[in-house]
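Undergrad: Here is how the chains run, residue by residue.
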Amino acid sequence: MTLITEAGAVEDRFTRADTIEAALAVEGPVLIPLAIADEFATARPDTEFGVSLPGSAPIEDVKPHLAKASLVAVEFPAFADGRGFSLVKKIVREGFSGTLRASGPLIADEFADALACGFTEVELPETMANRQPVQQWMAAKDTMSEHYQSGYGRGPSILQKRLAARKGA
Amino acid sequence: MYRYDEFDERFVRERVAQFRGQVERRLDGSLSEDEFKPLRLKNGLYLQLHAYMLRIAVPYGTLNSRQLRMLAHIAETYDKGYGHFTTRQNLQFNWPKLKDVPDILGLLADVEMHCIQTSGNCIRNVTSDQFAGVAKDEVEDPRPTAELIRQWSSLHPEFVWLPRKFKIAVTGAEHDRAAIKVHDIGLKLKRNDQGEVGYEVIVGGGLGRTPMIGKVVREFLPKDELLAYLEAVMRVYNSEGRRDNKFKARVKILVHETGEEEFRARVEEEYAKLDGPTINAPEEEVERIAAYFAAPTYEDLPETSQVLEQARAIDPELDRFVAQNSFEHKQPGYIALTIALKEIGAVPGDMSADQMRAFADIAEKYSFDEFRVTHSQNLVLPHVRKDDLPAVHAALKAAGLASANAGLITDIIACPGLDYCALATAKSIPIAQAIAKTFADQERQKAIGELPIKISGCINACGHHHVGAIGILGLEKGGRENYQITVGGDATEHASLGERLGPGIDAEDVPAAIEAIVETYLAEKTGEESFIETVRRTGAEPFKAGFAAFIESRTAQHEAAE
Chain L
-6 MTLITEAGAV EDRFTRADTI EAALAVEGPV LIPLAIADEF ATARPDTEFG VSLPGSAPIE
54 DVKPHLAKAS LVAVEFPAFA DGRGFSLVKK IVREGFSGTL RASGPLIADE FADALACGFT
114 EVELPETMAN RQPVQQWMAA KDTMSEHYQS GYGRGPSILQ KRLAARKGA
Chain G
344 MYRYDEFDER FVRERVAQFR GQVERRLDGS LSEDEFKPLR LKNGLYLQLH AYMLRIAVPY
404 GTLNSRQLRM LAHIAETYDK GYGHFTTRQN LQFNWPKLKD VPDILGLLAD VEMHCIQTSG
464 NCIRNVTSDQ FAGVAKDEVE DPRPTAELIR QWSSLHPEFV WLPRKFKIAV TGAEHDRAAI
524 KVHDIGLKLK RNDQGEVGYE VIVGGGLGRT PMIGKVVREF LPKDELLAYL EAVMRVYNSE
584 GRRDNKFKAR VKILVHETGE EEFRARVEEE YAKLDGPTIN APEEEVERIA AYFAAPTYED
644 LPETSQVLEQ ARAIDPELDR FVAQNSFEHK QPGYIALTIA LKEIGAVPGD MSADQMRAFA
704 DIAEKYSFDE FRVTHSQNLV LPHVRKDDLP AVHAALKAAG LASANAGLIT DIIACPGLDY
764 CALATAKSIP IAQAIAKTFA DQERQKAIGE LPIKISGCIN ACGHHHVGAI GILGLEKGGR
824 ENYQITVGGD ATEHASLGER LGPGIDAEDV PAAIEAIVET YLAEKTGEES FIETVRRTGA
884 EPFKAGFAAF IESRTAQHEA AE
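So the sequence lines, in the order shown, correspond to chains L and G.
Sequence positions in the first sequence follow this note's numbering and run -6 to 162.
Sequence positions in the second sequence follow this note's numbering and run 344 to 905.
Just chain G, with the same shape it has in the complex (with noise of 0.2 Å):
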């Protein structure tokens, strides 16, 4: 894992520094509300439905122990006890007050932690893959770019005030669970003919109002050319994205409105203008910051472990959770392991004081003191002995996070919605509790198979349900809350949008629907396809005619009952 030095550690106290400053100010009248609000925000600080929200910024999600602790005691001092993790890898205090704020910001800055630029118009954390430095296919371990970014883009003088939020996303992988098709800049990194390494570059994805794919517009960028070529993205983008309206203000509305080929042109025409020595990392600084990532010394094991395999024969819960919960290691002997906080009838994402201070022991004596936090609001143990498997299990399950649900169709992505969220129209957390409990019996979820179903409750997609397999929009409708369905969405490198089935429903409605949904599936797979295959085969026809039985039977039933 990185480590502040005194450069890092003097930047993040400076800025706490800064902030209780502008707090002052605030209150003495120096800067006004409409000043004071985008300070704020910048510093993570949002004003919510019932109280001041705290976003923590989590730098691709990656955390250890002693961070968590401060976690926990931060939510027991200041908040309600609990933290929620979001879709941006980030943790979110939902009840501090104002004036205890540059109070958290340094005891964040104790850990090494910040809220820098998790919200506002600017350059927000950076996020990954969860499975960085342990998955097989992949090219680089993509943690050292995003941590070479989040120093560049903490407090860039140039580019603090941008049109819009801007979020980057970093990928090592060939199977991209980074969602970079989907975000402002999407990095992957590839290998050339050459063998020499180096990013493909897309912008112009995103989700919101107007979901867009990214748009590759370099193929290969060298990889020491990193930082001059973000400044020349983000210097068109500055100069020339929408101001006069907020919600064409991304990046993707103005590659869509100039075009791929010329925004390409105008990328590569600054690009051209800048004077790369002078702004890029310099090697040894690159090389520094990677050997903060390089693997951890494992143990040289068997790729098979008697203790793991005698104990899930034995215990059909252990066996049961590691088939659904386990991610290969490229080291044998090991695995990563995914904590799904997504307990039926759970809030997605939220977790207790007591489970971060469990979970704290854990990760410390059994993955190397290091954890990661998945923009499927689950996190994951990066690298566990199969060897310490039953252990690790029992005491997730004594902490109640030893839920076998990675991936099912109750492992359900939701944003906060109208119980929190100033912006909401309508809930999204009880429409995830009610369908985790309709597919409650583990069984029916095991025969449905991978399913990620992701809710929003409004059309900003905090809860990214464009790119659900299942994606489910809250809105409201003469003065009802109704929920909209799509199929067929896909955050991955076959990135797609969902397509919606028909006319919205009442939140009473939903878990039938989905129940319909996946009947329509199961009817319609063939072999051992996956939810999403066999609508990427079949296309969202077959589903759109089982909901519309759905919704004529529903009819049905509510004329029968007036």
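In isolation and in its complexed conformation, chain L is listed as follows (with noise of 0.2 Å):
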């Protein structure tokens, strides 16, 4: 796997585990479904924990444990299933300010999109990083400038900037 954030590939500091045992058994942070984070949490309070799902689960599944997990991994089964973006727009509206891993067979097309919705990083299957390297994120996520949309990335939007060259001439 290779982790992809804004400023280029880094380490993942985080280890997944898939059952409960094995998460137990993990040294150091790590990476739990959803259905195992409760068991988890009680299990090893001090420890720091991600949550990973679907980007078909609800809200209201994910919420419980945004104060807890320190990074959200929402899983894209498909590059081309945009339901992810959705989800971590309400992820960020309920306020959680930790990590937000989009996490599949992204393409470095889409990483702009997953960065204006709320994604910090992208966890990348090998083949996918192999043929798309780290360069051709750094360069797709730039090839925009500028977005018409209010509440999206950083910095305001087209419509935003208009009204505020029209302010200050």
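Just so you know, the hints here were simulated from the structure itself, not pulled from any lab data.
Cβ atoms here follow ideal geometry from the backbone N, Cα and C, with glycine treated the same way.
Each hint should be verified, as a subset may be incorrect.
Stated by the list, open to error - Straight-line Cα separation of at most 25 Å, PhoX-like style, residue types lysine-lysine; simulated pairs:
id	chain 1	residue 1	chain 2	residue 2
1	L	K154	G	K789
2	G	K380	G	K589
3	L	K83	L	K56
4	L	K83	G	K616
5	G	K789	G	K868
6	G	K566	L	K160
7	L	K61	G	K616
8	G	K820	G	K591
9	G	K440	G	K380
10	G	K508	G	K591
11	G	K440	G	K423
12	G	K740	L	K83
13	L	K56	G	K616
14	L	K134	L	K83
15	G	K558	G	K533
16	G	K423	G	K868
17	G	K442	G	K423
18	G	K820	G	K789
19	G	K558	G	K508
20	L	K134	G	K380
21	L	K61	L	K83
Unchecked claim - Quick look at which bits of chain G chain L covers, simulated, 3 or more residues with Cβ under 8 Å:
id	stretch
22	486 to 498
23	621 to 633
If you follow the hints, you should be able to join the two separate chains into one complex; please do so.
TA: Right under this line is the structure:
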């Protein structure tokens, strides 16, 4: 797996574990499915953990874990399945300020969208990272310098910039 | 007309460079074919039966002469010398080469045009009333709303990977010419009891293999809340729309399966959580856009033009053209003129590069340098002085654009069908041509009156056959092309889906079947009723009986011949 942030490729601090037994055996931060999050948090109240969940998960299922988890990984079954983009918007709206990871076979061309919706990193399978190395991701995120939509991405939208320009004039 | 500012200009230029990069990354193997496909579709590039097809956005159907001249140049330089206007007010080129597409996009950007989101599972080109700003029954011009949505929906970070395509239409008039009830979202500008302007919001209409009439999810949405409300609808759809079956992935299926009440509740629940002011367009920005659509500087003219009246009295051809193709303008002394791209025997919606140049000159000289594309694959000169009509008619005639059949039985909508399309199961263009030839006589057309025929070459219904007063659907049956005929479809505020008359028939029988249906209408009609009004009153039964009699006589003829 390759982990890419806005700044480039980074080391993954988290170890994935799919069962409670495996999770309890991990040293350091662990990334676990939503279903075992409660059990893990009770058993290891002081260990840093992240939860992974599919893009189709209802926000109601995610909400109870947002206070304790330091990372939420939204799983994309395919690059063309955009549910994760809407889910991450809802997670951000809940006030979550930890790491937001888009995980799956995303393509570099949707990196900017992922960041604009609130993701902070993308976790790619090796086969994808080999075809689309990190340089392509860095280039793709900057191909469009402006966006029309207020409430997305960093910085004001085109609509807001026009307004500011008019008020400054 | 809207003009790009520095932001719009840079956005479109960067988008061209982005696509150029995507093509290069496809060629060097960084992108697989499966990954490249949606990226090229989101730039309007299809792979069709024989070649690539490039679909160019004509936002809400508005163009100027400079743009049309560029389209003529592209048609000649990169295609076979013609373009094709579509049922969503766009323009398609049927023969571009992949390697040329980035250059074509660059030329389009030179004239403030693009192909952004003319295909793919995203919000498509926004469509509107071709008589926007002209019609007397308009609450407010729908184009500023459409332009705002164009900008807001362009490369929307959250909504570019939807379950399926998503089409929005806006009308500002009482009489719906934008077919808002058969769109994913239809918006109608209206006034509430306090006189404030807002929108009626309709969601979940659509044609295709499961045609549905949209449901009103909001009776009145204050105008300044539009973008936040659209975001709520889109988020519910993006999260919950079906992704397991592409034939059930449109929002109409979500509305249908969830139930109208529950869907409305989910949208309102999501909307309640949104912080509107952080999403909606600033009022100044809405006003800035609206200013571009201010009425042109009309002359003060009398309602009646002596010049025109005298010319009509001596020129029956001009008289017929004006009577059939003009639309009443709210400004005295002016009219809007429909140019039917429906010469008898021509391909509906096709326009040659020469015609484009001639028409660009006409629009520039006689219609404030502006024209519109209609969803009936026709064009409109929106503001013509009645005094100028004789000269306009002569110029149109010289360019082969003076067909006096707007709205008549020969003004047929047809999808590209099996002549071009990879999805088609049957031809549609030759069917349109055969019907037009059958009814070529102008007196006969006039006697039949308004009768929109719509033809699709497969169940995806790009020819909108479900909402044709007469609809024709071409299918493949046992290795032969087979055509099903419906009557009673309507895309206006009386939106309804056509009813099938009987079994499918062979291509060569279609013109005679249409004649039989017309005979039924002429026998049933009372007073000045149009075809659709008669069907609405009588129901489909008399037409079914007439059609059954036609099938019977046709079978008898076939047997006698054997």
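Undergrad: Now tell me if each hint is right for this structure.
TA: Checked hints:
no., hint, verdict
1, L:K154 x G:K789, "55 Å, violated"
2, G:K380 x G:K589, "16 Å, holds"
3, L:K83 x L:K56, "10 Å, holds"
4, L:K83 x G:K616, "9 Å, holds"
5, G:K789 x G:K868, "15 Å, holds"
6, G:K566 x L:K160, "23 Å, holds"
7, L:K61 x G:K616, "23 Å, holds"
8, G:K820 x G:K591, "24 Å, holds"
9, G:K440 x G:K380, "15 Å, holds"
10, G:K508 x G:K591, "12 Å, holds"
11, G:K440 x G:K423, "11 Å, holds"
12, G:K740 x L:K83, "58 Å, violated"
13, L:K56 x G:K616, "15 Å, holds"
14, L:K134 x L:K83, "22 Å, holds"
15, G:K558 x G:K533, "17 Å, holds"
16, G:K423 x G:K868, "45 Å, violated"
17, G:K442 x G:K423, "16 Å, holds"
18, G:K820 x G:K789, "35 Å, violated"
19, G:K558 x G:K508, "18 Å, holds"
20, L:K134 x G:K380, "20 Å, holds"
21, L:K61 x L:K83, "17 Å, holds"
22, 486 to 498, "holds (count 4)"
23, 621 to 633, "holds (count 8)"
Hints 1, 12, 16 and 18 from the list above are not met by this structure, while the remaining hints are.
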